[in-house]
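Mind docking chain B on chain A? Use the hints.
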Amino acid sequence: MNEREAIQGVLEKVVNLDIDGVTGQVSAALKAGADPRNVLNDGLSAGMRLVGDRFQSGEYFLTELLLAGEVMKAGLVPLEPLLVNTDIQGKGTVVLATVKGDIHDLGKNLVGMMLSAAGFEVIDLGSDVASQRIVEAVRKHQAKIVALSMLLTPMVISLRSAVEEITMAGLRDQVKIIIGGACTTPVLAKELGCDAHGEDAMAAVYLCEKFV
Amino acid sequence: MTSIERVNSLLNRQKLDRVPFFPFSLGFSAKNVGYPVGSVYSEPVRSFDAQLWTQQMYGHDQYPFFGSAVYGTSEFGGEVEFPIGDSIQSPRSVRYPVQSLKDIDKLRLLDPQAAGNLPKALEFSKMQESHGGLISLVVGGVFTTAGNICDIRNLCMWIAREPETVHRVVQLAADHILSAARLWVKIFGTQRLLVQIWEPTAANSIISPRTFEEFVLPYQQKLHQEILGLSVKHILCHICGEQNKNLPLWSQVPMGDPGIVSLGQQVSIADGIKYFGEKNIIAGNLDTSLIANAAANEVYEAAKKCILAGKDAPSGYILMTACETPSSTPPYNFYMLTKAINDFGFYD
Chain A
1 MNEREAIQGV LEKVVNLDID GVTGQVSAAL KAGADPRNVL NDGLSAGMRL
51 VGDRFQSGEY FLTELLLAGE VMKAGLVPLE PLLVNTDIQG KGTVVLATVK
101 GDIHDLGKNL VGMMLSAAGF EVIDLGSDVA SQRIVEAVRK HQAKIVALSM
151 LLTPMVISLR SAVEEITMAG LRDQVKIIIG GACTTPVLAK ELGCDAHGED
201 AMAAVYLCEK FV
Chain B
1 MTSIERVNSL LNRQKLDRVP FFPFSLGFSA KNVGYPVGSV YSEPVRSFDA
51 QLWTQQMYGH DQYPFFGSAV YGTSEFGGEV EFPIGDSIQS PRSVRYPVQS
101 LKDIDKLRLL DPQAAGNLPK ALEFSKMQES HGGLISLVVG GVFTTAGNIC
151 DIRNLCMWIA REPETVHRVV QLAADHILSA ARLWVKIFGT QRLLVQIWEP
201 TAANSIISPR TFEEFVLPYQ QKLHQEILGL SVKHILCHIC GEQNKNLPLW
251 SQVPMGDPGI VSLGQQVSIA DGIKYFGEKN IIAGNLDTSL IANAAANEVY
301 EAAKKCILAG KDAPSGYILM TACETPSSTP PYNFYMLTKA INDFGFYD
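Protein sequences appear in the order of chains A and B. Under my numbering, the residue at position 115 of the first sequence is numbered 115, and the numbers go up by one with no gaps. Under my numbering, the residue at position 47 of the second sequence is numbered 47, and the numbers go up by one with no gaps.
Since the hints were derived computationally from the structure, they do not count as laboratory data. Heads up, some of the hints might be wrong.
Here are the simulated BS3-like pairs of lysine-lysine, each with C-alpha atoms no more than 30 Å apart in a straight line [said to hold, decoys possible]:
(1) A:Lys73 - B:Lys102
(2) A:Lys190 - B:Lys304
(3) B:Lys274 - B:Lys233
Derived coverage of chain B by chain A (criterion: at least 3 residues anywhere in the stretch with Cβ under 8 Å from a Cβ of chain A; other residues may be distant) [to be verified]:
(4) 157-167
(5) 204-210
No residue lacks a Cβ here, since even glycine has one placed at the ideal position from N, Cα and C.
Bound-form chain A, shown alone:
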């Protein structure tokens, strides 16, 4: 097996959700002489992107997406020590949160997982996050994008507050704000002065890639 075939094998392990086989395949790719960065980008991350595409097309469901995240984690085990000292250029930092008053985090976590797989540094603030914490995180991490999740309709008020606080802090020009979650719509995004609305986790990845 040459280097290229081995990396393709990693991609296939991810797409086929083979959690038992992925670690061995990554090790095999490294043994075949593959650069760890290529294993990450062309194997694991490319596989996650295909998983995301299958999710969007309705072939895969949440269960498969969650499992793919675990496959990715298993695949990273032999890679991480080798990646520590490399000069991987990330795509930028995304501050991620479910807004104040809303405790749902499943969708947000999926977005975080897919963004990480796509090469973004994700600062996940968790759920039920106050606007001020979002502002602080944007400042501290010099984030390019803020991704906000909301599942409960009454929490529009928190979403509005987050956008206003970012604006009042003078950070609005430096970040793009995207929103997602069951109760969000493109119309709501426009009304609140956000930059975009993402329908699902993959849409969030596409939007972030568009904005960096």
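Leaving out everything else, chain B in the frame of chain A:
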């Protein structure tokens, strides 16, 4: 017709004056009468009063009921937090009974008289009984209950990795629900009993129809057969969220004579009628986000559209929200729903 007469006529396949209206308004009712939102899920007396008074005020037809979407967590020994203040709408699971595979063997069926929120639900049903309306037992569907036992994230992971474990938890959920139904039948009889089963977690935004077919359908089917076998006449099954790909499978689940199938906004009333309407009453599917956030005239038009789409369903139709009416819904928007019913819901 009074609300009770209207609903009874519908359940007995008799003629009724107009389309009944079920607003699924728990938190909204609490706020409407000045109670904390959390009280409607945790305090039977306040919950009953808030819903009854709101029903009287707006003239809707849904008799008070007691339940939440986290069914299963506390009933198997976990911990639920009820909304504090008005900013969070729903109860949430804060400690699942099963957090890892090693906890599975510790799972036991608890006596339904003492399990989780069921003692409060019993107290609530005694009030329903003395007031003369429908007596309801509200439970989760088998998959939702299983997800509330071991966290939906674990459940999804184990579908691929530990399928036998998932089968085991789902079976346990079904056994528990049946034991609760048996208790309600024993105490209240079946004449006025409506078993409400809420199933949001089996939605296609979470699982595939193939997963549904393997891990949900056989258990849900058997559970409904067994509940109906207790002489329960009607099951209200809330098929919450995006379930379009599951509809052919759900149509194999008996709901009663007639049952009530309640739809999320993602499933059209036309599809609901197609799959369930011959045998069952169709209820739905007003978009709750719209009710809470849109202008009053848009809410009125949306309700009108639903009424006209469902009014002539073969076994009847209930105007119902697609899920719980948000507690933040403007009262005037809520009034628009009753206005639409009065303007378009009457039969000749």
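Evaluated hints:
no.	hint	verdict
1	A:Lys73 - B:Lys102	22 Å, holds
2	A:Lys190 - B:Lys304	27 Å, holds
3	B:Lys274 - B:Lys233	22 Å, holds
4	157-167	holds (count 4)
5	204-210	holds (count 5)
Violation of the numbered hints given earlier is absent; every hint is satisfied by the structure.
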